[in-house]
Amino acid sequence: MEPQLGLSLSTQHSSDVGTSSDIAIKSGSGVDGSGSISIESGTSADTGSSGRISLRAGNSLGVGGSVSIVAGASHFEGADVSIAAGSTSDNAQSGGVRVQSGAPLSSGNSGSVELSTHSASVSYTHLRAHET
Numbered sequence: 025m026e027p028q029l030g031l032s033l034s035t036q037h038s039s040d041v042g043t044s045s046d047i048a049i050k051s052g053s054g055v056d057g058s059g060s061i062s063i064e065s066g067t068s069a070d071t072g073s074s075g076r077i078s079l080r081a082g083n084s085l086g087v088g089g090s091v092s093i094v095a096g097a098s099h100f101e102g103a104d105v106s107i108a109a110g111s112t113s114d115n116a117q118s119g120g121v122r123v124q125s126g127a128p129l130s131s132g133n134s135g136s137v138e139l140s141t142h143s144a145s146v147s148y149t150h151l152r153a154h155e156t
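Just so it is clear: in the sequence shown, position 23 is 47 by the numbering used here, and no numbers are missing.
Read the hints as simulated data drawn from the structure, not as lab findings. Warning: the hint list may mix true and false statements.
[Stated by the list, open to error] Computed beta-carbon distance windows for the label pairs:
1. Gly86 - Asp114: 46 to 54 Å
2. Ile63 - Thr43: 30 to 38 Å
3. Ser118 - Leu33: 14 to 22 Å
4. Ser68 - Gly132: 36 to 44 Å
5. Val137 - Thr43: 26 to 34 Å
6. Val137 - Gly96: 21 to 29 Å
These figures come from a predicted structure and were not determined experimentally. All residues carry an ideal CB built from backbone N, CA and C; glycine is no exception.
Please model the entire structure based on the sequences and the hints provided.
If you want it as structure tokens, here you go:
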């Protein structure tokens, strides 16, 4: 069976000087609601792996690109941000959630990891630092 062709959306590389083009994916606005955007990989019909989704900003000799995930604000109720690892239906290991700051290449400080709410304190079971 031949593999199915995928879809690739890209811009041209820039020349030695300058920047490459942007790609924007945006739903339309509406009076009673706006359109949604769904990014989903396919499922595997057998015991193989389903597709992965990777969200990554590019590297730079100057400042690397940022990744922001921001839920919508509202006059009535702000939207949630939910990050959940995959479950399993057998006695296998479920997926994990990892939040890690960047490491400096030679000297300097690593980035910080901050969990906070607007008006309440954050409680935790344990927090420890370790060297790898």
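Evaluated hints:
1. Checking the proposed 46 to 54 Å range against Gly86 and Asp114 shows it holds: the Cβ atoms sit about 47 Å from each other.
2. In this structure the supplied range 30 to 38 Å is violated for Ile63 paired with Thr43, their Cβ-Cβ distance being about 25 Å.
3. At about 32 Å, the beta-carbon gap between Ser118 and Leu33 misses the expected band of 14 to 22 Å.
4. Checked against the given bound of 36 to 44 Å, the beta carbons of Ser68 and Gly132, roughly 42 Å apart, stay inside it.
5. One distance hint, 26 to 34 Å for the beta-carbon pair Val137 and Thr43, holds here, with the actual separation near 30 Å.
6. Separated by about 24 Å at the C-beta atoms, Val137 and Gly96 satisfy the suggested range of 21 to 29 Å.
Hint compliance for this structure: hints 2, 3 are broken, all remaining hints hold.
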